[in-house]
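Knowing the structure of chain A, use the given hints to seat chains B, C and D on it.
There are 4 protein chains.
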Amino acid sequence: MAVKTEIGYTTPDVIMVRGKNLSTDIFGKFDFIDMIYWLNFSRMPEPREKAMANLILVAAADHGLTPSALSTRLTFLGAPESVQGAVASGLLGAGSRYLGTVLNVADMLKKGAATLDPDAADEAVTEAARTLVRKYRETRTPISGLGHNIHVHGDPRVPVLQEISEQHGYFGKHWRLALAIPQVLEQDHGKRLPMNGAGALGAIVADMGLDGIFGRGLMLVGRAAGLVAHVREEAEHPTGQELWDLVLDQDPRNVKAVRAR
Amino acid sequence: MAVKTEIGYTTPDVIMVRGKNLSTDIFGKFDFIDMIYWLNFSRMPEPREKAMANLILVAAADHGLTPSALSTRLTFLGAPESVQGAVASGLLGAGSRYLGTVLNVADMLKKGAATLDPDAADEAVTEAARTLVRKYRETRTPISGLGHNIHVHGDPRVPVLQEISEQHGYFGKHWRLALAIPQVLEQDHGKRLPMNGAGALGAIVADMGLDGIFGRGLMLVGRAAGLVAHVREEAEHPTGQELWDLVLDQDPRNVKAVRAR
Amino acid sequence: MAVKTEIGYTTPDVIMVRGKNLSTDIFGKFDFIDMIYWLNFSRMPEPREKAMANLILVAAADHGLTPSALSTRLTFLGAPESVQGAVASGLLGAGSRYLGTVLNVADMLKKGAATLDPDAADEAVTEAARTLVRKYRETRTPISGLGHNIHVHGDPRVPVLQEISEQHGYFGKHWRLALAIPQVLEQDHGKRLPMNGAGALGAIVADMGLDGIFGRGLMLVGRAAGLVAHVREEAEHPTGQELWDLVLDQDPRNVKAVRAR
Amino acid sequence: MAVKTEIGYTTPDVIMVRGKNLSTDIFGKFDFIDMIYWLNFSRMPEPREKAMANLILVAAADHGLTPSALSTRLTFLGAPESVQGAVASGLLGAGSRYLGTVLNVADMLKKGAATLDPDAADEAVTEAARTLVRKYRETRTPISGLGHNIHVHGDPRVPVLQEISEQHGYFGKHWRLALAIPQVLEQDHGKRLPMNGAGALGAIVADMGLDGIFGRGLMLVGRAAGLVAHVREEAEHPTGQELWDLVLDQDPRNVKAVRAR
Chain A
1 MAVKTEIGYT TPDVIMVRGK NLSTDIFGKF DFIDMIYWLN FSRMPEPREK
51 AMANLILVAA ADHGLTPSAL STRLTFLGAP ESVQGAVASG LLGAGSRYLG
101 TVLNVADMLK KGAATLDPDA ADEAVTEAAR TLVRKYRETR TPISGLGHNI
151 HVHGDPRVPV LQEISEQHGY FGKHWRLALA IPQVLEQDHG KRLPMNGAGA
201 LGAIVADMGL DGIFGRGLML VGRAAGLVAH VREEAEHPTG QELWDLVLDQ
251 DPRNVKAVRA R
Chain B
1 MAVKTEIGYT TPDVIMVRGK NLSTDIFGKF DFIDMIYWLN FSRMPEPREK
51 AMANLILVAA ADHGLTPSAL STRLTFLGAP ESVQGAVASG LLGAGSRYLG
101 TVLNVADMLK KGAATLDPDA ADEAVTEAAR TLVRKYRETR TPISGLGHNI
151 HVHGDPRVPV LQEISEQHGY FGKHWRLALA IPQVLEQDHG KRLPMNGAGA
201 LGAIVADMGL DGIFGRGLML VGRAAGLVAH VREEAEHPTG QELWDLVLDQ
251 DPRNVKAVRA R
Chain C
1 MAVKTEIGYT TPDVIMVRGK NLSTDIFGKF DFIDMIYWLN FSRMPEPREK
51 AMANLILVAA ADHGLTPSAL STRLTFLGAP ESVQGAVASG LLGAGSRYLG
101 TVLNVADMLK KGAATLDPDA ADEAVTEAAR TLVRKYRETR TPISGLGHNI
151 HVHGDPRVPV LQEISEQHGY FGKHWRLALA IPQVLEQDHG KRLPMNGAGA
201 LGAIVADMGL DGIFGRGLML VGRAAGLVAH VREEAEHPTG QELWDLVLDQ
251 DPRNVKAVRA R
Chain D
1 MAVKTEIGYT TPDVIMVRGK NLSTDIFGKF DFIDMIYWLN FSRMPEPREK
51 AMANLILVAA ADHGLTPSAL STRLTFLGAP ESVQGAVASG LLGAGSRYLG
101 TVLNVADMLK KGAATLDPDA ADEAVTEAAR TLVRKYRETR TPISGLGHNI
151 HVHGDPRVPV LQEISEQHGY FGKHWRLALA IPQVLEQDHG KRLPMNGAGA
201 LGAIVADMGL DGIFGRGLML VGRAAGLVAH VREEAEHPTG QELWDLVLDQ
251 DPRNVKAVRA R
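Residue numbers (our numbering), protein chains in the order written: chain A, 1 to 261; chain B, 1 to 261; chain C, 1 to 261; chain D, 1 to 261.
A portion of the hints provided could be inaccurate.
No copy is singled out in the list; a pair is fine if it fits within one copy or between any two copies.
Stated by the list, open to error - Simulated pairs of lysine-lysine, BS3-like, Cα-Cα distance not exceeding 30 Å:
| id | residue 1 | residue 2 |
| --- | --- | --- |
| 1 | K110 | K29 |
| 2 | K135 | K20 |
| 3 | K256 | K4 |
| 4 | K111 | K50 |
| 5 | K29 | K4 |
| 6 | K256 | K29 |
| 7 | K29 | K50 |
| 8 | K4 | K135 |
| 9 | K191 | K256 |
I should point out that these hints are in silico values taken from the structure, not numbers from a laboratory.
Only chain A is shown next, with the shape it has when bound in the complex (with noise of 0.2 Å):
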């Protein structure tokens, strides 16, 4: 096999991705979602699917001082020189747990509701969910996507995604079966774990059709977005070093110096 790839090639006069030529037939005719389904996929978004695709990157994009925020913060006191170090640095915490969750959550559901038509009743539904929790118990495996430090009563995103889904025709089978699986979970297990936004968005991921890794994918470009935002406010009012004291004091085997200031 040789080492090629179908995304675009390129000579001395044009530069193709996926048969159109980047600077006539794309550049000013082509938005970022545009250019994203292109790539991924070879074709172009329908409307519906552009909206859908510009709610996930707006809701991975971060707000306020998450652990991703946090480590490209104290990246970029290291490095100022080097963006994209500290942007790398955020992005690389965007795993099973947080953010990257979106993966794991269309992966399983996915799985989950392989069976389900897509029309099921609800019976069949809370039965796949009943047999997803039944599994995931069994092998001591956590089930992805619920529940949150802050949002401990119902993450305020989850109604808002649901909402936007349904509008545009994508609440189908994988929504239905992510939110049975906390209902099962109280009735059954008396655990009260709602769905957290990674839940939504993995709901959301597969009833578009897309794959887990898109779907983490999206998750990374949209995130990208808010840990540029991070940087710059980092370069223009520091907060790197009074998070280092703050985390310094909270040992009291530390000592500081007294400055003279």
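Frame of chain A; chains B, C and D shown alone:
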């Protein structure tokens, strides 16, 4: 100073991003470019800004087997469970020489055009280019944004990027200085080094009044989308092993096994 | 719970690492392996542990143009100002398939040998291997630490790693299980997949009583040293551009410019 | 030019590293420092070089909750399956300001001492320091290797690092220049900024005749070992969530949920 951010905060019931409620004010109402501007500048983009931001992201997204795509694919070969690691690996090359160069170009042009009027005469722009070239040659610093290993006679992206900049009113003194630099290099020094894509994008960033960090940041966001496409293709049709074999073949001291398949 | 570490703390006058003064108790008295053990286990290594830790680091360090070395070189091409980014890029491939596999092997062997006595009879070891192979085949999980794209008839590192393990008294039930797995695969399933270097190193880690994270960690430390050698060679004799050209040449649709040199 | 390396090559039967057979010439015969020198310089270290290389790695290894350790822990929180991502995240901060500074210091001292004789008189060294300080102040470039946020009156590592350098015959013109710089700053400019650990390590690297990339490289290797210790402690006694909570607490707009535990 406290460890805090103006980007956002969160309570059990709401997530606020620069004064707006993420769920009720932003979801379904902001597209991704709106969100990028809101996060970074606390304001919405004008339509022409949105057009240009889309253009920059599209231009950054990738085409074919660039070094960043190769790095992503080689990383995925060893750690397919870590999509974020593969994407981060590719982004780490967005430094001063490729892709991230937009930052260096934007900063260079802003400094070089600082004393130019917005409607400076051509002679003044040429003189500013001459001063810039002299300074860089004196300190043996390479001028960013010039030359390309494939598009040696001119980068096909540049004229289209210029045209779209003109359409949207972003062809200003930084673009003009950027175009004057290769002219000065050829006329005064006999060097033929046409402007490349990163050079044009850096001129756009500068003429839009944006900072260099934001410019490099957009490249990271856009390229992340391209790298996701490479990860997905690699997952379906792996090339990493072939790439490794191909490299080993370049040195006759490496001997591959005869595989009985 | 507080944000604190038992690894160390600091005051204006002293830096303490697990109860020792870094400057007066450690500098000039600890070599690097002592420090690795002190940081990770709060104790000094025995001489035989030191010999094995050196062996693991040496084995991990790299040789030739592995995927991690290529990724490092390609990243350095774009961001030569960021040595740390180039090294990090190469390390990111140390996952479940290459290099980082030591973690997966060690965990697999520990689980698989959990009920074996230290001096179990050969039959019991073979039976444990048979059980392990059956479980992995049932869940279609690839067994880590087997096979190599070049050393198809046996990895030349394995017998030497075994011999040194025996010399130092670290050839125990995990090594024996690891060696029994390819035998079972060949006898019972007709599959010929000899143990590779990572397999042997994982067996060493397990027979030394170390955890899988520490095992993968040693691989990262060792490989970092090799990647530094690649960065230094790349800085002196760049190959990144040639590598890029070589890849483009594999697809005839890519056309390179005729360069007038 | 071909894509090849002088570091090593491989056949089905042997792995060669700079002319030596990895399995039969190196395993069990080289310790890690030997391997670092062999890979990077094609020669074995002298005993005094080995002592100093161990010292540098030990000094780099980490202590307490530095920014790189925090970044590693925050990344592990989101992606515990990717030890390599957590370690890479921490290494990415080894740039021009922290840790990686050794490169900047070594390069600065080599340039500043280029015209000094090995046994230059104190006055000549002071004059070289004066010239260096003047140049840096003229271009408003911060001098690397000075000052510390905790050890404001002097870094406790510096005198010990100096003493060990003297013992091994590596206290030369670069060390002397490095020590003269804070003296000049205080005498001529009234600024009190004592040399820090990275400053001393950069002086060592320069007086050992090593290059700056190798210097920063050793810091990466050494720090990787410390970050592994942090990952392991984090896996046993997680602090990432507490760290996140602690940061949120700094801004009263963030409200945490009342958890019924």
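Checking an output row: K4 and K135, CA cutoff 30 Å. Within, between, both or neither? neither (41 Å within a copy, 37 Å between copies)
Taking 30 Å as the upper bound on the Cα-Cα distance, should K256 and K4 be classified as within, between, both, or neither? between (56 Å within a copy, 15 Å between copies)
Is the C-alpha distance from K29 to K4 at most 30 Å within one copy, between copies, in both cases, or in neither? within (27 Å within a copy, 40 Å between copies)
Give the relationship of K29 and K50 under a CA distance limit of 30 Å: within one copy only, between copies only, both, or neither. Both ways: K29 and K50 sit 15 Å apart in one copy and 13 Å across, limit 30 Å.
Are the CA atoms of K135 and K20 at most 30 Å apart within a copy, between copies, both, or neither? neither (46 Å within a copy, 41 Å between copies)
Between copies, within a copy, both or neither: which fits K111 and K50 at Cα up to 30 Å? Classified as within; 25 Å inside a copy, 39 Å across copies.
Is it within a copy, between copies, both, or neither that the alpha carbon of K256 lies no farther than 30 Å from that of K29? between (57 Å within a copy, 27 Å between copies)
Can you tell me if K110 and K29 fall within 30 Å by alpha carbon in one copy, between copies, both or neither? between (34 Å within a copy, 29 Å between copies)
Go through the copies and call it for K191 and K256: within, between, both or neither, with a Cα cutoff of 30 Å. between (44 Å within a copy, 21 Å between copies)
Checked against the numbered hints given earlier, the structure breaks hints 2 and 8 and satisfies all the rest.
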